[in-house]
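Generate coordinates for the entire structure from the input sequences, incorporating the hints supplied.
Protein chains in written order, with this note's numbering: chain A, 1 to 141; chain B, 1 to 141; chain C, 1 to 141; chain D, 1 to 141.
Any given hint could turn out to be false.
To be verified - With a cut-off of at most 20 angstroms between alpha-carbon atoms, the simulated SDA-like pairs for lysine to any residue come out as follows:
#1 D:Lys113 <-> C:Arg66
#2 D:Lys124 <-> D:Thr89
#3 B:Lys114 <-> A:Pro67
#4 A:Lys108 <-> A:Pro56
#5 B:Lys114 <-> B:Gly52
#6 A:Lys65 <-> B:Ser55
#7 B:Lys65 <-> A:Val58
#8 D:Lys5 <-> D:Val74
#9 A:Lys114 <-> D:Arg11
#10 D:Lys113 <-> D:Ile48
#11 C:Lys81 <-> C:Leu101
#12 D:Lys50 <-> A:Arg69
#13 B:Lys108 <-> A:Asp59
Claimed, not checked - Covered by chain B, according to a simulated footprint, are these stretches of chain A (three or more residues, beta-carbon under 8 angstroms):
#14 19 to 28
#15 57 to 63
Note that these hints are calculated values from the structure, not bench results.
Remember, predicted model here, so these are calculated numbers, not experimental data.
Ideal Cβ placement from N, Cα and C applies to all residues, glycine included.
4 protein chains.
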Amino acid sequence: MITNKTEINVRYQETDMMGVVYHANYLVWFEIGRTSLIEDLGFYYHEIEKQGVVSPVVDASIQFKRPVRYGDEVFVKTWVKAYDGLRITYGYHVEHHNGELAVSGETKHVIVKKDTFRPVSIRKHFPDWHDAYLRAMEKSE
Amino acid sequence: MITNKTEINVRYQETDMMGVVYHANYLVWFEIGRTSLIEDLGFYYHEIEKQGVVSPVVDASIQFKRPVRYGDEVFVKTWVKAYDGLRITYGYHVEHHNGELAVSGETKHVIVKKDTFRPVSIRKHFPDWHDAYLRAMEKSE
Amino acid sequence: MITNKTEINVRYQETDMMGVVYHANYLVWFEIGRTSLIEDLGFYYHEIEKQGVVSPVVDASIQFKRPVRYGDEVFVKTWVKAYDGLRITYGYHVEHHNGELAVSGETKHVIVKKDTFRPVSIRKHFPDWHDAYLRAMEKSE
Amino acid sequence: MITNKTEINVRYQETDMMGVVYHANYLVWFEIGRTSLIEDLGFYYHEIEKQGVVSPVVDASIQFKRPVRYGDEVFVKTWVKAYDGLRITYGYHVEHHNGELAVSGETKHVIVKKDTFRPVSIRKHFPDWHDAYLRAMEKSE
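Rendered as structure tokens:
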């Protein structure tokens with residue numbers, strides 16, 4: 001299974017008056033991990049959109065285990081958790097450098113036409129991504 | 001059951017290049033609804049923090065049904081979905097003015113001490129909120 | 001001179017670990033005031049973009065006088081400060097309810113074609129806005 | 001003169017429906033450059049705050065020359081533009097990889113006590129930073 005690991009530099013702007021990273025920002029970090037995983041698979045999300053499709057989130061869940069603070073060194077791990085030819089689910093772990101889990105979560109995406117937001121089959125219309133997603137989930141031996 | 005309904009004016013800043021509201025911003029709108037519901041219950045969140053506690057999210061889930069665009073008129077409905085004396089779960093619906101559901105979700109919160117992030121029993125230490133949360137969940141006849 | 005006055009509800013998300021509103025967010029509040037002033041003049045910004053143009057900021061300046069905190073009651077005042085048929089400059093004041101000035105600033109905008117970002121003369125191509133901008137600057141007697 | 005150069009990965013979240021980076025986000029990028037320059041000078045901003053002071057922006061100005069889009073490769077250059085023992089002004093350039101200037105700007109900061117927001121003399125109370133700021137402005141021969 002291919003897992004991407006991306007360093008996150010906590011931005012002052014991402015903190016709130018609680019003194020920790022504001023919870024909605026983890027969805028932005030998930031996006032950073034997802035973009036980087038997609039590059040590992042050989043694609044660029046900004047190139048994908050040039051084909052007239054976008055990939056909105058249809059479902060998201062997040063578990064907040066430990067706060068992350070400004071100055072902390074953290075990274076986000078991202079992998080493909082499920083894929084059925086139409087919908088793809090990414091899994092995420094935000095971890096401190098000592099291995100402690102800060103936040104876990106997942107987001108489910110579809111591909112839709114940019115102008116109509118109608119769903120498009122990845123298997124049928126984007127066979128290269130289809131193969132890459134399957135490959136990304138393969139168990140290593 | 002007490003349900004708060006708060007108007008949302010979509011900000012240009014909240015859109016992304018997909019032409020719709022960026023998904024993480026719904027968590028911010030949930031926060032707006034939650035704050036307003038808490039006021040309906042007779043409290044101000046900014047007063048609560050003066051007592052040395054904060055109320056972080058421990059769990060969140062969001063279902064994205066229909067995109068919201070700049071210029072759309074939407075509101076967020078918020079209610080208390082579950083409460084056990086320690087953890088409180090809020091439910092949310094973001095709806096268009098024609099009644100169409102755009103986004104649904106829930107967030108679970110605890111109360112912790114601001115300096116240590118150690119959990120505090122609401123039932124025990126904040127009996128007024130405890131009563132308010134119970135009242136908020138009461139079925140109307 | 002037409003001045004718009006719009007209430008701002010400070011969002012928890014807008015604060016940072018300094019315990020005050022993060023400075024970049026005032027540009028977002030300026031946008032809220034500007035949008036509302038444009039409505040006072042009889043236009044909707046989301047309708048304007050349907051004509052294939054957008055109105056990017058070309059210059060901005062902000063003076064931070066006093067911090068704004070979560071729970072504070074503030075409003076933003078917006079007016080047309082300068083206009084030459086091509087470029088429009090808005091002025092802004094963020095004020096506390098007691099009249100104390102928190103933040104002042106201005107932003108200068110042009111109108112450009114959405115696809116090429118080439119400037120468009122407001123005077124020539126949008127005579128209705130042109131008249132409205134002139135009217136907005138008129139001294140009351 | 002010490003100039004810091006930091007790579008920026010444009011986040012999808014930072015774009016708006018105009019298809020470009022939303023203008024307020026450049027202030028966040030300035031913060032990233034500033035933090036990195038401060039590290040080049042031998043300090044960590046998150047350590048500085050542990051001494052009971054914070055460094056709010058008192059003035060900012062930004063000139064938007066060319067839009068930045070998702071997928072663009074850009075960096076921010078940051079340097080100390082002026083310093084008088086009390087107030088420090090940083091200069092910034094956001095540049096495309098081909099050398100084209102996208103955005104320029106400056107921010108002026110003071111050091112204040114975290115609890116009272118009263119100004120503190122850097123020269124007097126933080127002689128190490130004082131020296132570092134002077135050193136950062138020295139002309140190279």
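Going through the hints against the structure:
1. As the CA atoms of Lys113 (chain D) and Arg66 (chain C) are separated by approximately 14 angstroms, the hinted pair is consistent with the 20 angstroms bound.
2. A distance of roughly 18 angstroms separates the Cα atoms of Lys124 (chain D) and Thr89 (chain D); the hinted pair therefore holds under the 20 angstroms criterion.
3. Pair hint Lys114 (chain B) plus Pro67 (chain A) holds up; C-alpha atoms about 12 angstroms apart against a cutoff of 20 angstroms.
4. Restraint check for Lys108 (chain A) and Pro56 (chain A): the C-alpha separation of about 9 angstroms stays at or below 20 angstroms, so the hint holds.
5. At most 20 angstroms may separate the alpha-carbon atoms for a hinted pair to count; Lys114 (chain B) and Gly52 (chain B) meet this at roughly 6 angstroms.
6. Of the pairs offered as hints, the one joining Lys65 (chain A) and Ser55 (chain B) holds, with about 14 angstroms between alpha carbons and a cut-off of 20 angstroms not exceeded.
7. Taking the CA atoms of Lys65 (chain B) and Val58 (chain A), the gap is near 7 angstroms; set against the 20 angstroms cutoff, the hint holds.
8. This hinted pair checks out: Lys5 (chain D) and Val74 (chain D) have alpha carbons roughly 10 angstroms apart, not beyond 20 angstroms.
9. Our distance criterion of 20 angstroms between C-alpha atoms is met by Lys114 (chain A) and Arg11 (chain D), whose separation comes to about 19 angstroms.
10. With a CA separation close to 11 angstroms, the supplied pair Lys113 (chain D) and Ile48 (chain D) stays within the 20 angstroms bound.
11. Distance hint between Lys81 (chain C) and Leu101 (chain C) is fulfilled; the C-alpha atoms sit about 18 angstroms from each other, no more than 20 angstroms.
12. Taking the CA atoms of Lys50 (chain D) and Arg69 (chain A), the gap is about 13 angstroms. The hint holds against a cut of 20 angstroms.
13. Simply put, Lys108 (chain B) and Asp59 (chain A) have alpha-carbon atoms about 17 angstroms apart, close enough for the 20 angstroms limit, and the pair holds.
14. Closer than 8 angstroms: that is the beta-carbon criterion, and the segment 19 to 28 of chain A has 7 residues meeting it against chain B, so the requirement of 3 holds.
15. Given as covered by chain B, the segment 57 to 63 of chain A passes the check, having 7 residues with a CB less than 8 angstroms from a CB of that chain where 3 are the minimum.
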